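Mapping of the first sequence onto my numbering: position 185 corresponds to residue 186, and the numbering continues sequentially without gaps.
Source of the hints: derived by calculation from the structure; they are not laboratory data. Everything numeric in this text was worked out from a predicted model, so none of it was measured. Don't take each hint at face value.
BS3-like cross-link-like pairs, simulated, lysine-lysine; straight-line CA separation at most 25 Å [as the list claims (entries may be wrong)]: (1) LYS198 with LYS154; (2) LYS205 with LYS145; (3) LYS52 with LYS129; (4) LYS39 with LYS52; (5) LYS154 with LYS202; (6) LYS198 with LYS39; (7) LYS124 with LYS96; (8) LYS166 with LYS212; (9) LYS202 with LYS166; (10) LYS154 with LYS166; (11) LYS96 with LYS153; (12) LYS212 with LYS202; (13) LYS153 with LYS205; (14) LYS205 with LYS124; (15) LYS202 with LYS153; (16) LYS124 with LYS34.
Ranges of calculated distance between the beta carbons of each label pair, as one might list FRET restraints [unchecked claim]: (17) GLN116 with GLU201: 50 to 56 Å; (18) ARG123 with GLN180: 44 to 50 Å; (19) LYS198 with LEU74: 20 to 26 Å; (20) GLY82 with GLY41: 18 to 24 Å; (21) GLU6 with ARG195: 51 to 57 Å; (22) LYS145 with ALA181: 18 to 24 Å; (23) ILE144 with LEU208: 29 to 35 Å; (24) MET93 with GLU6: 22 to 28 Å; (25) ASP119 with GLU201: 46 to 52 Å; (26) GLU6 with LYS202: 51 to 57 Å; (27) LYS154 with ASP107: 31 to 37 Å; (28) GLN116 with GLN42: 21 to 27 Å; (29) SER109 with LYS52: 35 to 41 Å.
For every residue, glycine included, the Cβ atom is placed at its ideal position computed from N, Cα and C.
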Amino acid sequence: MNATELDILRLVQRHFPVLAEKALQEEIMSVGKLYHFKAGQVIQDYGGYIKLVPLLLSGSIKVQREDEEGNELLLYFLEAGQTCSMSFSCCMMNKQSDIRTVAEEDVSMIGIPIQYVDEWMRKYQSWKNFVMRSYDQRMRDLIKTIDSIAFKKMDERLLEYLRQKVQVNTNPVLSTTHQAIAYDLNASREAISRLLKQLEKQGKVRLGRNKIELLD
DNA sequence: ACATTAAGTGATT
DNA sequence: AATCACTTAATGT
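Using the sequences and the accompanying hints, generate a full structural model.
Quick look at the structure:
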């Protein structure tokens, strides 16, 4: 047992307490590897085959979808202690990725080679629960996003987006551009600018170049 | 000082 | 709310 393996064991115990079974922890320790991504780095792109299931230790990941014309849309964010449900379904079916994942903030994660994911479902109750809970959580987030797109006006969507973004980032002052937000929400930059101006007048945000502060 | 990029504005559909 | 055409402001070299 080397140093990294011990690190992984400690990290799992710390960030994924639900994976409590000793034998499972030992397996994760021996097959899992640590990965790091810088903010903005693409972790999984469309069409790529997923070979790892991530256990997110720190940082956050943006999960997005793109249509034929190249319009992007934010689906949801992943935070520490979570995993990517899409990677489960993709690897079970041995399918190509339907989504793209980008590091929102610097990411460190444990990668589990996909061949174990299925096997552990049968072997370990806690792993199975973990997978099921992850699906449930993701489903909720997705439904929220769909609601937002289907029923809410752009200004509400924008506020919700900003709240999520603040929650997911360590820095309460967001450093992003109106254009980037427009891409995430699949809206025009001008619309975002105008809505942000309104929000500023209402005292809900403070704006600067490349800076948005959400005042709650 | 100049070029580049982000943000603001008004008109049109 | 999108798009266009343009202006103004902030920032990097």
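Hints, one by one, checked against the model:
no. : hint                           : in the structure
1   : LYS198 with LYS154             : holds, 16 Å
2   : LYS205 with LYS145             : holds, 22 Å
3   : LYS52 with LYS129              : holds, 19 Å
4   : LYS39 with LYS52               : holds, 20 Å
5   : LYS154 with LYS202             : holds, 18 Å
6   : LYS198 with LYS39              : violated, 31 Å
7   : LYS124 with LYS96              : holds, 24 Å
8   : LYS166 with LYS212             : holds, 13 Å
9   : LYS202 with LYS166             : holds, 21 Å
10  : LYS154 with LYS166             : holds, 18 Å
11  : LYS96 with LYS153              : violated, 33 Å
12  : LYS212 with LYS202             : holds, 16 Å
13  : LYS153 with LYS205             : holds, 18 Å
14  : LYS205 with LYS124             : violated, 50 Å
15  : LYS202 with LYS153             : holds, 21 Å
16  : LYS124 with LYS34              : holds, 21 Å
17  : GLN116 with GLU201: 50 to 56 Å : holds, 51 Å
18  : ARG123 with GLN180: 44 to 50 Å : holds, 47 Å
19  : LYS198 with LEU74: 20 to 26 Å  : holds, 24 Å
20  : GLY82 with GLY41: 18 to 24 Å   : holds, 22 Å
21  : GLU6 with ARG195: 51 to 57 Å   : holds, 53 Å
22  : LYS145 with ALA181: 18 to 24 Å : holds, 21 Å
23  : ILE144 with LEU208: 29 to 35 Å : holds, 31 Å
24  : MET93 with GLU6: 22 to 28 Å    : holds, 27 Å
25  : ASP119 with GLU201: 46 to 52 Å : holds, 50 Å
26  : GLU6 with LYS202: 51 to 57 Å   : holds, 55 Å
27  : LYS154 with ASP107: 31 to 37 Å : holds, 34 Å
28  : GLN116 with GLN42: 21 to 27 Å  : holds, 25 Å
29  : SER109 with LYS52: 35 to 41 Å  : violated, 18 Å
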